[in-house]
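Residue-level listing of the chains:
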Amino acid sequence: MNHLDTLRGALRSLRANRMRSALTTLGIVIGIAAVITMLAVGEGARRQVAEQMKSLGTNLILVLPGTVTSSGVRLGGASRNSLTEADARAIRQEIPGVVAAAPALRGSGQVVYGNLNWATQLYGVDGDYLVSRDWVIASGRKFDDNDLRGKAKVALVGETVAQMLFGGTDPTGQTIRVKGVPLTIVGLLESKGQNVMGQDQDDIVLIPLGTARGRILGSAQGRPDSVGHITVKMADGSDMQAAEAQVQALLRQKHRIQPGQDDDFNIRNLSEIVQAEQASSGALSALLAAIASVSLIVGGIGIMNIMLVSVTERTREIGIRLAVGARRGDILTQFMVEAVTLSVLGGLVGVGLGLGGGLLVQRLFDWPVVFQARAVLLAVVSASAVGIFFGWYPARKASRLTPVEALRHD
Amino acid sequence: MADTRPLIEVEDLARTYHVGEVEVPALRGVSLTISKGEFVAVMGPSGSGKSTFMNLLGCLDRPDRGRYLLNGEDVSRLGPDPLSAVRNRALGFVFQSFNLLPRAAALENVELPLLYAGVHAHERHRRAMEKLALVGLAERAHHLPSQLSGGQQQRVAIARSLVNAPALILADEPTGALDTRTSLELMALFQSLNDQGMTLVLVTHEPDIAQFAKRILMFRDGRLVEDQPVAGRHSAAAMLTGAAA
Numbered sequence: 032m033n034h035l036d037t038l039r040g041a042l043r044s045l046r047a048n049r050m051r052s053a054l055t056t057l058g059i060v061i062g063i064a065a066v067i068t069m070l071a072v073g074e075g076a077r078r079q080v081a082e083q084m085k086s087l088g089t090n091l092i093l094v095l096p097g098t099v100t101s102s103g104v105r106l107g108g109a110s111r112n113s114l115t116e117a118d119a120r121a122i123r124q125e126i127p128g129v130v131a132a133a134p135a136l137r138g139s140g141q142v143v144y145g146n147l148n149w150a151t152q153l154y155g156v157d158g159d160y161l162v163s164r165d166w167v168i169a170s171g172r173k174f175d176d177n178d179l180r181g182k183a184k185v186a187l188v189g190e191t192v193a194q195m196l197f198g199g200t201d202p203t204g205q206t207i208r209v210k211g212v213p214l215t216i217v218g219l220l221e222s223k224g225q226n227v228m229g230q231d232q233d234d235i236v237l238i239p240l241g242t243a244r245g246r247i248l249g250s251a252q253g254r255p256d257s258v259g260h261i262t263v264k265m266a267d268g269s270d271m272q273a274a275e276a277q278v279q280a281l282l283r284q285k286h287r288i289q290p291g292q293d294d295d296f297n298i299r300n301l302s303e304i305v306q307a308e309q310a311s312s313g314a315l316s317a318l319l320a321a322i323a324s325v326s327l328i329v330g331g332i333g334i335m336n337i338m339l340v341s342v343t344e345r346t347r348e349i350g351i352r353l354a355v356g357a358r359r360g361d362i363l364t365q366f367m368v369e370a371v372t373l374s375v376l377g378g379l380v381g382v383g384l385g386l387g388g389g390l391l392v393q394r395l396f397d398w399p400v401v402f403q404a405r406a407v408l409l410a411v412v413s414a415s416a417v418g419i420f421f422g423w424y425p426a427r428k429a430s431r432l433t434p435v436e437a438l439r440h441d
Numbered sequence: 380m381a382d383t384r385p386l387i388e389v390e391d392l393a394r395t396y397h398v399g400e401v402e403v404p405a406l407r408g409v410s411l412t413i414s415k416g417e418f419v420a421v422m423g424p425s426g427s428g429k430s431t432f433m434n435l436l437g438c439l440d441r442p443d444r445g446r447y448l449l450n451g452e453d454v455s456r457l458g459p460d461p462l463s464a465v466r467n468r469a470l471g472f473v474f475q476s477f478n479l480l481p482r483a484a485a486l487e488n489v490e491l492p493l494l495y496a497g498v499h500a501h502e503r504h505r506r507a508m509e510k511l512a513l514v515g516l517a518e519r520a521h522h523l524p525s526q527l528s529g530g531q532q533q534r535v536a537i538a539r540s541l542v543n544a545p546a547l548i549l550a551d552e553p554t555g556a557l558d559t560r561t562s563l564e565l566m567a568l569f570q571s572l573n574d575q576g577m578t579l580v581l582v583t584h585e586p587d588i589a590q591f592a593k594r595i596l597m598f599r600d601g602r603l604v605e606d607q608p609v610a611g612r613h614s615a616a617a618m619l620t621g622a623a624a
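Protein chains in written order, with my numbering: chain A, 32 to 441; chain B, 380 to 624.
Pulled out of the complex, with its shape left as it was, chain A reads as follows (with noise of 0.2 Å):
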């Protein structure tokens, strides 16, 4: 017997019942529609919260300085001065793969401009934070050489302060004073809107490094070339891991930090937060496939007790084939490609109301959707095992019938 022959049997008497073979299959078809939207969305989610996260830098090492332990008391978080800018250009010299080291002291003040004012972040920077955090300079220019070498009164403003003291008129060129000193702007910074934490990152304003430690965020910082953070930038497809073991290993050698000692800087990997995130998706999704299988499941039962009254119905049906020379092996694989046939449409069903539902759920609730050929062929295939699984059981009832039994039913 051939399989076209069994398929085209297996079609007809599905056929025959057509309305006991669409209910039987719904389970099946609500499962692999639930699983193909639920992945559509929660891979549409994930690519969302990806993208966040690299920009907020996922190949970015940030060096902090360590805390000061005084008599027991610990200070806190960066409450010591150990990182210097020649720590910055060592990073930059001796790690391979470093793209950006950029020292910065951090601080904030009041910025006035006519009668205007307004508080922001203030960073003092040298030439590579640009890079290291991929600020893109809307209108002006960068700060140069000169700017930095010569501790010169520049500043570079991010959109909300321009918003706040020109109205959202382009403020290069015009004067600002921060805590008394009037700094000319050379440069509006492009736009980034918020972070994944909420902050406004455009609410900022960069001056050279010289010039925010000199005269403005001041000398009590200790040290004369010491710095606040050391952001590094790494090329893409760098192992972020051994990168991390460089720098600390550069600076304790630097440090002149002995074997056993603790460091007296904190290094923070920001792939750790997308790990995290990773590993938070993980968990939602290995739940929505728990809720996808138990439908499945069901769906499967459904099958099973469906096609368990249909070998009971058919005995006869049953009788004949065996009287006329088919084998038990016969009869379990006309009715094992009944149950798979059943369970297959049903999955190519849900298919299409999965993409379905998944596009409406895009246009109904801006929702990023993204469909995954994976997904489809995971759930054709979890529909077909479903069937194989579920209908062995009523196939192998029918297949072990004898045919003096199974004439005699009716």
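Keep in mind the hints are simulated off the structure, nothing from the lab. Glycine included, each C-beta is placed from N, C-alpha and C at the ideal position. Mixed in with the good hints there might be a few duds.
[Said to hold, decoys possible] Covered stretches of chain A (in silico footprint by chain B; criterion: 3 or more residues with CB under 8 Å from a CB of chain B, positions within the stretch not fixed):
| hint | stretch |
| --- | --- |
| 1 | 43-53 |
| 2 | 353-367 |
| 3 | 428-439 |
[Claimed, not checked] Quick list of the computed label-pair ranges, beta carbon to beta carbon:
| hint | chain 1 | residue 1 | chain 2 | residue 2 | range |
| --- | --- | --- | --- | --- | --- |
| 4 | A | Asp441 | B | Gln575 | 28 to 36 Å |
| 5 | B | Arg560 | A | His440 | 29 to 37 Å |
| 6 | B | Gln575 | A | Asn336 | 46 to 54 Å |
| 7 | B | Gln607 | A | His440 | 33 to 41 Å |
Once you have looked at the hints, place chain B on chain A.
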């Protein structure tokens, strides 16, 4: 014919059914032979064991004791799948209730044994059409059983029994669900098949029907009690023309 071996050799065939704790001996040891070209009617009251005997001859059931040689091959100890193969290749069945697949057209019903014999679609179609033509139903090939009369359905069943060129046709009360005239037509068909050399074994409880056979076996209480040739054999075809005249 050079082959002198009997088609069927049965020795001390016995079958006991178990209904719960109770043992019901349906067949208590039957021995007989049937040669090629015979037309045998099996008779007896209900419970006489004639149906059990037919099931054993048809390889639908297996004996508890005794031997059954079909065409010289011992089939009494074969497993389910080899028995299926024997039924497919050597036997044709005609049942009282026709036993056609209700959702398959006449042609597909006739093709069924060939499907399990692994014959290709084209050849299957050709041979099934040939047998349908033989029973006079070529133009009804695409009708469903429900669109055919009882006599026509039984002729489809006969076409099905013939399609794989079996050595033996077993008919279990084939006229039981038919009226007198249709029964006569059916018996005429059986007689003409027998005239062409087909071996037939027919179970019936109607003496009139048994008279169309060449030999009558009488069963009672699980034993063969009488085995004799039919003296004045009737021709169903002649009776049909007689009735028409």
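So, against the hints stated earlier in the document, which numbers end up violated here? none
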